[in-house]
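Chemist: This is what each chain is made of:
There are 2 protein chains.
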Amino acid sequence: MDDQFYMRKAIEVALEARKNGNQPFGAILVKQDKIVMTGENKINNDNDPTYHAEIGLISKYCFENKISDLTEYTLYSSCEPCVMCSGAMVWSSVGRLVYSVSYEQFAKISGSNIMISCNEVFEKSPNQPKVVANIINEEGLKVFEGFKF
Amino acid sequence: MDDQFYMRKAIEVALEARKNGNQPFGAILVKQDKIVMTGENKINNDNDPTYHAEIGLISKYCFENKISDLTEYTLYSSCEPCVMCSGAMVWSSVGRLVYSVSYEQFAKISGSNIMISCNEVFEKSPNQPKVVANIINEEGLKVFEGFKF
Chain A
1 MDDQFYMRKA IEVALEARKN GNQPFGAILV KQDKIVMTGE NKINNDNDPT
51 YHAEIGLISK YCFENKISDL TEYTLYSSCE PCVMCSGAMV WSSVGRLVYS
101 VSYEQFAKIS GSNIMISCNE VFEKSPNQPK VVANIINEEG LKVFEGFKF
Chain B
1 MDDQFYMRKA IEVALEARKN GNQPFGAILV KQDKIVMTGE NKINNDNDPT
51 YHAEIGLISK YCFENKISDL TEYTLYSSCE PCVMCSGAMV WSSVGRLVYS
101 VSYEQFAKIS GSNIMISCNE VFEKSPNQPK VVANIINEEG LKVFEGFKF
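Chains as they are written, first to last, in the working numbering: chain A, 1 to 149; chain B, 1 to 149.
It is possible that part of the hints are untrue.
In this list, chains with the same sequence are indistinguishable; a pair is considered to hold if it fits within one copy or across any two.
Subject to a maximum C-alpha distance of 30 Å in a straight line, what follows is the list of computed DSS-like cross-link-like pairs (lysine-lysine) [what the hints assert, rightly or not]:
{"#": "1", "residue 1": "Lys34", "residue 2": "Lys148"}
{"#": "2", "residue 1": "Lys108", "residue 2": "Lys31"}
{"#": "3", "residue 1": "Lys108", "residue 2": "Lys148"}
{"#": "4", "residue 1": "Lys34", "residue 2": "Lys108"}
{"#": "5", "residue 1": "Lys130", "residue 2": "Lys34"}
{"#": "6", "residue 1": "Lys148", "residue 2": "Lys124"}
To be clear, the hints were calculated from the coordinates, so they are not data collected in a lab. All values derive from a computational prediction rather than experimental measurement.
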């Protein structure tokens with residue numbers, strides 16, 4: 001299994017989030033070639049504007065498994081994590097991040113964003129996940145087609 | 001009631017967090033001169049490295065009250081919110097932030113931090129809380145005395 005395989009799974013999760021009435025973002029957490037958890041954006045279902053796919057997944061996984069160091073894990077996200085979710089990755093020491101759509105691409109699609117990249121957050125942080133950007137980018141962009149922000 | 005009054009409350013909450021075995025951070029949410037919720041850091045109690053005082057409070061308040069726009073609220077935090085919590089404030093449209101200890105002061109105390117100010121996050125965001133900094137700063141700094149990070 002490679003990054004493209006897991007990113008397709010993260011994109012499937014983003015499409016599920018959209019079906020469930022939330023914003024179309026998905027993330028999955030992988031350790032040693034095994035998906036250990038998936039996470040959908042749930043801002044509407046949970047009435048919680050902070051319930052992004054990435055931080056929701058990290059919070060739930062750490063809480064349920066009594067693990068607070070994700071150094072050995074890769075987080076796959078259909079879109080580049082915002083500063084909130086990038087911060088969550090730093091505090092949980094995620095080892096590696098793979099994303100499809102960049103924060104700048106997303107800002108153009110939605111009309112606004114917090115204009116700070118995940119790399120900027122990581123560079124200024126005590127924990128710095130390795131980053132692989134823009135994996136299967138066209139498939140990632142398709143998730144947003146026709147979606148109204 | 002003024003900012004100093006509410007900040008003393010936030011500092012009391014930070015000391016409670018410390019007593020409860022977590023990191024010494026506290027926040028309170030105020031609307032129209034009324035404290036509507038308090039939030040402690042719970043990273044150890046909940047085994048969740050993302051459970052900072054500010055984002056925990058915002059998430060819980062929005063979820064429990066079915067409110068996702070905090071424009072009319074002021075968040076008081078014993079320490080300047082990190083990028084994760086600043087991002088949470090943007091996504092929930094918090095109207096006003098008052099903090100005591102700055103992120104740079106905290107970085108010196110703890111030895112590390114994500115070196116991006118809340119103002120930088122807000123300036124690059126679609127929602128920009130008004131910020132009042134360094135309120136009763138000496139009292140805020142005392143919270144950390146003797147604490148081992």
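Chemist: If you test the structure against every hint from before, which numbers come out violated?
Modeler: 1, 2, 4
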